[in-house]
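Turn these sequences into a full structure, and let the hints guide you.
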Amino acid sequence: MLTVQFLLLGAVLFCIGVYGVLARKNAVMVLMSIELILNSVNLNLLAFSQRLDSIDGNTFALYVIAIAAAEVGVGLAMVLLIYRNRRSISLDELSDMKG
Amino acid sequence: MISSILAQVPWQSPTVDYHAIAPEIVLAAGICLIILVDLFVSESKRWVTASLTGFVMLGALLPVVTLAVADADVRSLFGGRYVIDEFALTLKALFLIAGYVVVLLSQNHVEEGDYHRGEYYTLLLTSVTGMVMMASSRDLVSIFVALEFLSIPAYMLAAWRKRDRKSNEAGVKYYLLGVFASAVMLYGMSLLYGVTGSTLLSDIGAQLTGKGEFGGVEVLAVVFVIVGFAFKVSAVPFHTWAPDTYEGAPTPITAFLSVASKAAGFVALVTILYVGVPEAKDVWQPFLWVLSALTMTVGNLLALRQSNIVRMLAYSSISQGGFILMPLAVAGVGDAAEPALRAVVVYLIVYAAMNLGMFAVVIAASRNTRSGEISSFGGLFSYAPGLGVLMTIFLASLAGIPPLGGWIAKFGAFRAVLEAGNGWAYAIAVIGAVNSVVAFGYYGSVMREVWMKPTPHGETTSVRTPGSLTAALAITGVATLVLGVLPGTVMRFGDLSDLVGAFGR
Numbered sequence: 104m105l106t107v108q109f110l111l112l113g114a115v116l117f118c119i120g121v122y123g124v125l126a127r128k129n130a131v132m133v134l135m136s137i138e139l140i141l142n143s144v145n146l147n148l149l150a151f152s153q154r155l156d157s158i159d160g161n162t163f164a165l166y167v168i169a170i171a172a173a174e175v176g177v178g179l180a181m182v183l184l185i186y187r188n189r190r191s192i193s194l195d196e197l198s199d200m201k202g
Numbered sequence: 063m064i065s066s067i068l069a070q071v072p073w074q075s076p077t078v079d080y081h082a083i084a085p086e087i088v089l090a091a092g093i094c095l096i097i098l099v100d101l102f103v104s105e106s107k108r109w110v111t112a113s114l115t116g117f118v119m120l121g122a123l124l125p126v127v128t129l130a131v132a133d134a135d136v137r138s139l140f141g142g143r144y145v146i147d148e149f150a151l152t153l154k155a156l157f158l159i160a161g162y163v164v165v166l167l168s169q170n171h172v173e174e175g176d177y178h179r180g181e182y183y184t185l186l187l188t189s190v191t192g193m194v195m196m197a198s199s200r201d202l203v204s205i206f207v208a209l210e211f212l213s214i215p216a217y218m219l220a221a222w223r224k225r226d227r228k229s230n231e232a233g234v235k236y237y238l239l240g241v242f243a244s245a246v247m248l249y250g251m252s253l254l255y256g257v258t259g260s261t262l263l264s265d266i267g268a269q270l271t272g273k274g275e276f277g278g279v280e281v282l283a284v285v286f287v288i289v290g291f292a293f294k295v296s297a298v299p300f301h302t303w304a305p306d307t308y309e310g311a312p313t314p315i316t317a318f319l320s321v322a323s324k325a326a327g328f329v330a331l332v333t334i335l336y337v338g339v340p341e342a343k344d345v346w347q348p349f350l351w352v353l354s355a356l357t358m359t360v361g362n363l364l365a366l367r368q369s370n371i372v373r374m375l376a377y378s379s380i381s382q383g384g385f386i387l388m389p390l391a392v393a394g395v396g397d398a399a400e401p402a403l404r405a406v407v408v409y410l411i412v413y414a415a416m417n418l419g420m421f422a423v424v425i426a427a428s429r430n431t432r433s434g435e436i437s438s439f440g441g442l443f444s445y446a447p448g449l450g451v452l453m454t455i456f457l458a459s460l461a462g463i464p465p466l467g468g469w470i471a472k473f474g475a476f477r478a479v480l481e482a483g484n485g486w487a488y489a490i491a492v493i494g495a496v497n498s499v500v501a502f503g504y505y506g507s508v509m510r511e512v513w514m515k516p517t518p519h520g521e522t523t524s525v526r527t528p529g530s531l532t533a534a535l536a537i538t539g540v541a542t543l544v545l546g547v548l549p550g551t552v553m554r555f556g557d558l559s560d561l562v563g564a565f566g567r
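Heads up: the protein sequence lines correspond to chains P and L, in order.
Residue numbers for the first sequence follow this note's numbering, so the first one is 104 and each next one is one higher.
Residue numbers for the second sequence follow this note's numbering, so the first one is 63 and each next one is one higher.
Hints are all accurate, no fakes.
Have a look at the derived ranges for each label pair, beta carbon to beta carbon: (1) LEU179(P) / ASP79(L): 37 to 43 Å; (2) THR77(L) / THR162(P): 16 to 22 Å; (3) ASP79(L) / TYR186(P): 44 to 50 Å; (4) ASN188(P) / MET514(L): 39 to 45 Å.
Coverage of chain L stretches by chain P, computed from C-beta distances (three or more under 8 Å per stretch; other residues unrestricted): (5) 211–218; (6) 225–239; (7) 247–254; (8) 257–264.
No wet-lab data here; the hints were simulated from the structure.
Cβ atoms here follow ideal geometry from the backbone N, Cα and C, with glycine treated the same way.
See below:
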């Protein structure tokens, strides 16, 4: 079985995602980085599920996929909202409030 | 592979205890009802949705009460994945009553602000449903689903004022950090599933028992899960979203986020720590200790220099979160687990009453001042004595002055910490004590404005406080006073049955 390889791939995806969230300033890029993390979670769950021969991981992954879709729906709506009001989706410019 | 597993286990539908999940059923039916009513009722009668939402919350409270008086047995559904016990029922009642108070706070705010009423109340109700589910969840999957159930509507509610740049900013910041936190938490959960082979918390606890040394994967799993919830309860250094979101969101939603959403985060954290990973206490105790100390101190110091009342309350709510974390940081030492759990539950109840009350006063007073600056509350007592007195009561309670609820909460937290009685416990108790004194600084400065300062704009006529706000003020004010004078009413929740035992361990 290739469990270790899948877990490594998951870990790499997770790190890329976290880096993207912290370093990127474009709201859509941050959303995509979060999706990367969620996919690394799915990969982990499926790899573990396969290795442990238990179905719980598969079920969990299905829930993650469904809820991630709902989250992105809300996220993109919000990005549209700030684009309408500011003509920009740069997170650096979201600084009306400070302190 | 899946088909082979399915072949081994023939499908049988689970038996469902409908009485046990009646609160959730009432809430779900209420959500559908309000969407439909909003669709068919004419614009002039839209106020009906607000009243209906309130009735649905109280309607869901009925089965909670009947479950509480029915029998002391723990009702366990779906193979222990959804458990209704004293702990769950107490917190369900807390979420429903807090939700009801938020509806009362919202009524005038929403009507005067020309918002989308039906959707607003539907989302509020959905979020409360998620919290009610969270109180019963004892499985990684159901905790995750409940967490998203309560968070996703909250993201939308924070960004509710579509044309307002601040509200947009509040929503986006809350959304991005919230989703990032839940993604990190999910990664931790997937590792936890990998090392224990189960998503059921009690199975995870059993698997981890007797494992001896914890390897890197277990440590990483526990830390990631805690980080996820640290965002939800806005613990420093994961608090950066809180002040901006609280300031930009509509004020009733700020009250909702700072009380109900935070309480839900603590409920999930407590469930996972006590049922899932109690054996990993060497990992989470130091981590929570640092989080708690940082949260109290940083929250307080930043609150001292705020000039906007909602921002000050945001930092005050962060620092109160540090006090709630304090007993958990030593919960694994000796017999400290039970008093720590009781302290957390009592603190959450008292905190909900006094913080919702504080926001109710701010909303009512802002109808006079039309401003959120602390200096605009100058002379509040002279033209609105009722509001001035109530504000003093809530501020004193938040600061922990004796005859009020906040004092009982702080007392319980410190007693639980001292119960643990080792060096770490004494150290955090000292940090907490210093912080309680520092907190007088900013609570006191608002009191000084209310009582001593002249009215800034010379206006001395008071705007009438609408009925729903008065009701909210009455509920929270009475609760804060009663909890302080007769602490037995809430301390009893800890004695009804052994809360730790009630988790089914």
